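J.: Spelled out, the chains give:
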Amino acid sequence: MQGYTIRQARALLDKGKIGAAELTRYYLERAAKLSPKLNAYITIAAAEAEKEALRAQAMLDSGNQKPLTGIPIAISDNISTKGMLTTCGSRMLYNYKPVFDATVIEKLKEQGAVILGKTNISEFCLGDNASSFFGAPANPYNVDKSTSSGAAAAVCADLAVCAISADIGGSIVQSASLCGVVGIQPTYGAVSRYGMISSAPSLSQIGAIAKDAQDCVALLSAIAGKDMRDMTSIGYKSDFANVKECNLQGKTIGIITEYIAQASAEVKAAIENTAQTFKELGCNIVQVSLPSAKYALSAYYIISSAEATSSFALYDGIRFGYRSKEGDTFEQNLWHTRGEGFGEEVKRRLLLGVFALGSGNYEKYYYKAKLVKEKLKAEFNAIFNTCDFLLCPVAAEQGDNTARSATSVQNWQASAFTVAQNLAGLPCASTACGYSKEGMPIGAQLIAPHFADAKLLACATAFEQVFASKRKEAAV
Amino acid sequence: MDKLNFIKQLEELAALTLEPQERQKYADEFDSILEFIDVIKEADTAGLQVQPQVAEYKNLREDKPQPSLPREQLLANASITQEDSFVTAKVVG
Amino acid sequence: MRYDVVIGLEIHAELSTKTKIFCSCEQYFGGEQNTRCCAGCAALPGALPVFNKQAITYAVKAGLALDCGISLESAFDRKNYFYPDLPKAYQISQFYKPICVNGKVILSDNTTVRVNRIHLEEDAGKLIHDDYHGVSLADYNRSSVPLIEIVTEPDISSAEQAREFAEIVANRLRYAEVCDAKMEEGSLRCDVNISLKPSGSPILGTRAEIKNLNSFKSIVRAIEYEIERQSELLDAGKKVVQETRRFNENHGRTIAMRSKEEAQDYRYFPDPDIPTILIEQAEVDKIASTMPELPEARLARYINEYNLPEAAAKIIITSKYLSDFYDSTVAIYNNYSEIANLFVVELFRLINDYQIDKDFKFTPKELARLAEMLDKGTLTRAAQKTVLEIMYTCGGTPDNIAKQENLILENDLEALEQAIKQVLSEYQKAVQEYKDGSLKVFGFLMGQVSRIVGKSTSPAIIKEKLTKALE
Numbered sequence: 001m002q003g004y005t006i007r008q009a010r011a012l013l014d015k016g017k018i019g020a021a022e023l024t025r026y027y028l029e030r031a032a033k034l035s036p037k038l039n040a041y042i043t044i045a046a047a048e049a050e051k052e053a054l055r056a057q058a059m060l061d062s063g064n065q066k067p068l069t070g071i072p073i074a075i076s077d078n079i080s081t082k083g084m085l086t087t088c089g090s091r092m093l094y095n096y097k098p099v100f101d102a103t104v105i106e107k108l109k110e111q112g113a114v115i116l117g118k119t120n121i122s123e124f125c126l127g128d129n130a131s132s133f134f135g136a137p138a139n140p141y142n143v144d145k146s147t148s149s150g151a152a153a154a155v156c157a158d159l160a161v162c163a164i165s166a167d168i169g170g171s172i173v174q175s176a177s178l179c180g181v182v183g184i185q186p187t188y189g190a191v192s193r194y195g196m197i198s199s200a201p202s203l204s205q206i207g208a209i210a211k212d213a214q215d216c217v218a219l220l221s222a223i224a225g226k227d228m229r230d231m232t233s234i235g236y237k238s239d240f241a242n243v244k245e246c247n248l249q250g251k252t253i254g255i256i257t258e259y260i261a262q263a264s265a266e267v268k269a270a271i272e273n274t275a276q277t278f279k280e281l282g283c284n285i286v287q288v289s290l291p292s293a294k295y296a297l298s299a300y301y302i303i304s305s306a307e308a309t310s311s312f313a314l315y316d317g318i319r320f321g322y323r324s325k326e327g328d329t330f331e332q333n334l335w336h337t338r339g340e341g342f343g344e345e346v347k348r349r350l351l352l353g354v355f356a357l358g359s360g361n362y363e364k365y366y367y368k369a370k371l372v373k374e375k376l377k378a379e380f381n382a383i384f385n386t387c388d389f390l391l392c393p394v395a396a397e398q399g400d401n402t403a404r405s406a407t408s409v410q411n412w413q414a415s416a417f418t419v420a421q422n423l424a425g426l427p428c429a430s431t432a433c434g435y436s437k438e439g440m441p442i443g444a445q446l447i448a449p450h451f452a453d454a455k456l457l458a459c460a461t462a463f464e465q466v467f468a469s470k471r472k473e474a475a476v
Numbered sequence: 001m002d003k004l005n006f007i008k009q010l011e012e013l014a015a016l017t018l019e020p021q022e023r024q025k026y027a028d029e030f031d032s033i034l035e036f037i038d039v040i041k042e043a044d045t046a047g048l049q050v051q052p053q054v055a056e057y058k059n060l061r062e063d064k065p066q067p068s069l070p071r072e073q074l075l076a077n078a079s080i081t082q083e084d085s086f087v088t089a090k091v092v093g
Numbered sequence: 001m002r003y004d005v006v007i008g009l010e011i012h013a014e015l016s017t018k019t020k021i022f023c024s025c026e027q028y029f030g031g032e033q034n035t036r037c038c039a040g041c042a043a044l045p046g047a048l049p050v051f052n053k054q055a056i057t058y059a060v061k062a063g064l065a066l067d068c069g070i071s072l073e074s075a076f077d078r079k080n081y082f083y084p085d086l087p088k089a090y091q092i093s094q095f096y097k098p099i100c101v102n103g104k105v106i107l108s109d110n111t112t113v114r115v116n117r118i119h120l121e122e123d124a125g126k127l128i129h130d131d132y133h134g135v136s137l138a139d140y141n142r143s144s145v146p147l148i149e150i151v152t153e154p155d156i157s158s159a160e161q162a163r164e165f166a167e168i169v170a171n172r173l174r175y176a177e178v179c180d181a182k183m184e185e186g187s188l189r190c191d192v193n194i195s196l197k198p199s200g201s202p203i204l205g206t207r208a209e210i211k212n213l214n215s216f217k218s219i220v221r222a223i224e225y226e227i228e229r230q231s232e233l234l235d236a237g238k239k240v241v242q243e244t245r246r247f248n249e250n251h252g253r254t255i256a257m258r259s260k261e262e263a264q265d266y267r268y269f270p271d272p273d274i275p276t277i278l279i280e281q282a283e284v285d286k287i288a289s290t291m292p293e294l295p296e297a298r299l300a301r302y303i304n305e306y307n308l309p310e311a312a313a314k315i316i317i318t319s320k321y322l323s324d325f326y327d328s329t330v331a332i333y334n335n336y337s338e339i340a341n342l343f344v345v346e347l348f349r350l351i352n353d354y355q356i357d358k359d360f361k362f363t364p365k366e367l368a369r370l371a372e373m374l375d376k377g378t379l380t381r382a383a384q385k386t387v388l389e390i391m392y393t394c395g396g397t398p399d400n401i402a403k404q405e406n407l408i409l410e411n412d413l414e415a416l417e418q419a420i421k422q423v424l425s426e427y428q429k430a431v432q433e434y435k436d437g438s439l440k441v442f443g444f445l446m447g448q449v450s451r452i453v454g455k456s457t458s459p460a461i462i463k464e465k466l467t468k469a470l471e
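Protein chains in written order, with our numbering: chain P, 1 to 476; chain X, 1 to 93; chain Z, 1 to 471.
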């Protein structure tokens with residue numbers, strides 16, 4: 001992987017081989033130079049970053065550094081950063097500067113991490129179909145292809161050491177896979193959502209994107225933890241310290257047959273090679289079934305759209321954000337603001353959402369989808385009785401995330417292998433496991449039971465160490 | 001019923017105004033979206049119950065005041081303010 | 001045509017917690033606009049609700065005060081609609097699983113009014129209409145203040161019953177110390193649902209909802225107007241429209257609001273940011289044990305144990321402060337009826353005149369002493385009244401005040417004995433008349449004794465000694 005990992009940067013900083021200001025400047029310059037081509041960053045916060053680097057150096061000088069002191073990090077643009085533009089990739093928030101930091105940002109600042117800026121995302125992180133108002137970020141492996149996450153592009157092209165990103169239906173794992181980096185979406189509730197701007201509270205998580213699984217460990221250790229400001233946050237002790245022990249001997253890895261069946265030949269082959277590697281590491285490989293997988297997409301789009309209608313209702317132009325000049329009454333101005341401020345996919349979800357929650361439909365759609373959520377959870381729990389981890393593709397084909405297909409619904413299919421995990425609240429990670437004919441990365445998705453985030457990353461680390469020799473870096 | 005009117009009704013519920021060509025686009029695709037989500041009806045969920053997350057009374061937040069946002073910060077992102085308040089056009093009815 | 005009146009009430013009460021229901025902003029009446037807000041209650045992106053434990057404690061107390069069952073599992077739902085005083089464009093409420101269910105209040109005419117539910121919800125902000133500029137200004141200080149909504153079954157059948165119910169609820173909430181229940185200040189709001197049906201018919205009529213009632217009197221006036229309005233419509237063969245109507249104070253009429261609200265589909269769904277709240281029966285019992293004795297229980301105690309007349313007891317329980325004060329006073333000196341008398345006759349006159357009904361300048365101990373002084377003959381009743389007024393307006397102990405005002409009766413028993421001896425020997429004819437059964441002549445003899453001893457002796461003592469001497 002090009003550029004520094006957190007561990008490498010940490011070693012250099014601690015030994016005084018490189019100063020915090022120097023390291024930060026290095027990344028700011030790279031970002032300024034290469035981000036325009038990749039459209040990875042929406043905001044590069046040079047002045048603030050340089051200030052934070054000075055603070056970090058002071059911590060280093062007094063021997064008070066923490067694991068992330070002085071590490072330059074990118075933050076996806078749907079996480080609130082005080083005084084710094086936070087757009088969610090939407091016209092609706094084109095000029096919005098939060099007056100508070102998200103909990104994860106407070107934690108990073110407390111460690112003396114350096115925030116380089118805010119990365120591009122699909123509008124409100126809605127993924128497929130939801131183009132960013134600021135244009136799609138490009139994939140460093142092939143700038144003609146896009147990825148929905150500027151954070152993944154930034155980490156891949158070394159425009160940041162690592163990134164904190166948000167996920168609703170698998171965007172961390174999907175974008176990490178597209179860019180050949182590691183992404184983890186933790187157990188639901190592991191990381192406080194306070195300050196995260198999201199459409200679907202019951203499905204959203206904040207996770208990490210980094211150059212390897214060990215770096216993800218460092219990030220998760222820093223940001224996870226119970227937060228009184230988020231009633232859904234769950235404190236649990238994930239044993240991050242022992243992640244280095246990656247002994248997979250005797251572990252069982254289940255391959256989800258329903259997902260494999262839908263994958264392209266190329267992707268299937270990459271996953272099979274991955275399974276083989278795990279076998280050589282001492283694992284038992286078994287086939288497992290997730291019978292309700294076929295309902296996952298439907299349940300996901302119903303729940304996320306329904307919650308979006310409510311979570312997006314506060315966008316009315318009155319207290320912040322875009323405000324239409326049209327409309328003489330409250331209602332008229334409201335409708336125009338929302339019609340003009342939101343992009344196509346957001347509006348599509350809102351229309352679907354009010355439909356799914358409407359009288360007569362609540363039981364049929366929304367409540368039914370919640371029951372399917374329970375069913376998927378139960379099916380996963382059953383599988384985890386016999387498996388330690390699950391392995392499957394991230395996507396059916398290695399593609400790019402631009403809305404290239406004919407219909408919205410076809411584009412929605414791209415999340416077929418990830419939404420079930422969001423519904424079940426399970427931790428999952430993506431790590432590169434192969435390349436397509438065109439040289440584009442293919443990611444393997446690993447899934448663990450609730451609260452087994454550290455073990456998940458240990459498993460990914462073990463695989464990475466074997467795959468390292470086969471890695472191909474991006475051209476940028 | 002007329003698809004365009006159907007979308008118009010949803011617009012009203014979602015509090016947004018679409019351009020005619022947008023409305024047409026959503027009207028044209030709604031059948032495929034319905035088909036997509038109708039898949040859920042086939043799921044056998046008999047005997048299942050929604051298991052919500054729970055919080056215990058004893059662990060809830062204590063009733064202790066914390067400083068509110070300074071007013072300038074609260075109003076900082078509003079495009080229009082008047083007399084230290086947020087401004088909306090008149091409500092009809 | 002005679003009609004039965006069918007009324008149900010929805011009463012909103014602001015809970016007197018220190019902070020708002022889903023954030024730690026302080027809540028209190030008044031103050032500069034938009035100074036008690038945060039990202040949560042002003043709905044800035046990324047904020048999350050954090051539920052206030054005290055809100056559920058108070059809601060449980062309100063439920064217990066209205067004889068409700070307490071749900072050990074209650075949950076919050078989003079009620080979605082767009083209005084500028086509702087910054088999130090949804091109100092967090094309890095639709096599916098309210099905290100209290102199935103309560104009741106029994107009115108003085110023995111009608112039972114069932115309480116269907118009490119649920120928690122958050123208040124909206126305030127809009128000030130600037131007609132000159134054609135805009136509304138939003139102040140979110142009140143946004144997210146905790147409310148309970150008390151919903152009755154349609155068991156009420158007259159304006160007076162409605163008023164009584166509302167007054168009972170207000171008093172109980174004040175006693176439970178969860179709400180100061182002042183309609184004029186908006187901490188208690190009452191909506192009325194009213195319909196008529198032909199006398200004896202089992203089929204309910206179409207109801208109208210009346211809002212904007214800001215006093216108990218308005219409740220009565222609005223209902224009376226509605227009964228007339230709906231009767232006239234039905235008599236003329238017309239239909240009553242299901243709609244929301246505002247009560248106009250000045251004209252005493254109800255006026256239809258835009259009926260857009262009727263079609264409202266709030267798209268209720270459980271709030272994904274808030275877990276279901278579990279409370280244990282033991283915790284509910286603990287809350288119950290901290291509740292002050294409620295007014296009706298005190299009334300029963302005053303009547304049955306202290307033998308107070310019902311009218312007097314009712315006056316004492318009109319406020320918790322006064323009732324507590326009474327209880328503290330009789331705990332020190334247990335002449336229940338004398339102290340009740342002091343309350344009902346003298347103290348209430350002072351309260352009416354000076355409009356101060358709490359935080360008295362004197363203590364229960366001092367009031368008890370004042371009652372004792374009368375009983376012991378240290379003061380006349382007239383003097384007692386004077387001393388109480390000074391205690392009420394300026395403070396001070398009854399002994400000091402009485403001394404200062406020269407109101408203390410010396411009650412020189414020797415001098416009294418002398419005087420009685422002198423009178424009995426001087427008016428032997430009168431004494432004989434008394435012994436023959438004339439009671440009237442006692443007054444004459446008392447007058448003579450009083451003339452000699454002067455104002456420094458308690459009439460009660462004179463009477464006692466004279467009576468004894470005549471035996």
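A few of these clues could be false.
Cβ-Cβ distance ranges computed for the label pairs, FRET-style [to be verified]:
#: 1; chain 1: P; residue 1: S436; chain 2: Z; residue 2: Y81; range: 45 to 53 Å
#: 2; chain 1: P; residue 1: N64; chain 2: Z; residue 2: K286; range: 41 to 49 Å
#: 3; chain 1: Z; residue 1: F95; chain 2: P; residue 2: A382; range: 30 to 38 Å
By construction, these hints were calculated from the structure, which means they are not laboratory data. Bear in mind the structure is a predicted one, so any value in this text is a computation, not a measurement. No residue lacks a Cβ here, since even glycine has one placed at the ideal position from N, Cα and C.
J.: Indicate, hint by hint, whether the structure satisfies it.
T.: Status of each hint after checking the structure:
Against the hinted window of 45 to 53 Å, the Cβ-Cβ separation of P:S436 and Z:Y81 comes to about 49 Å, which satisfies the hint. Against the hinted window of 41 to 49 Å, the Cβ-Cβ separation of P:N64 and Z:K286 comes to about 46 Å, which satisfies the hint. For Z:F95 and P:A382, the hinted distance range of 30 to 38 Å is satisfied, since their beta carbons lie about 33 Å from each other.
Hint check: no violations occur; every hint is consistent with the structure.
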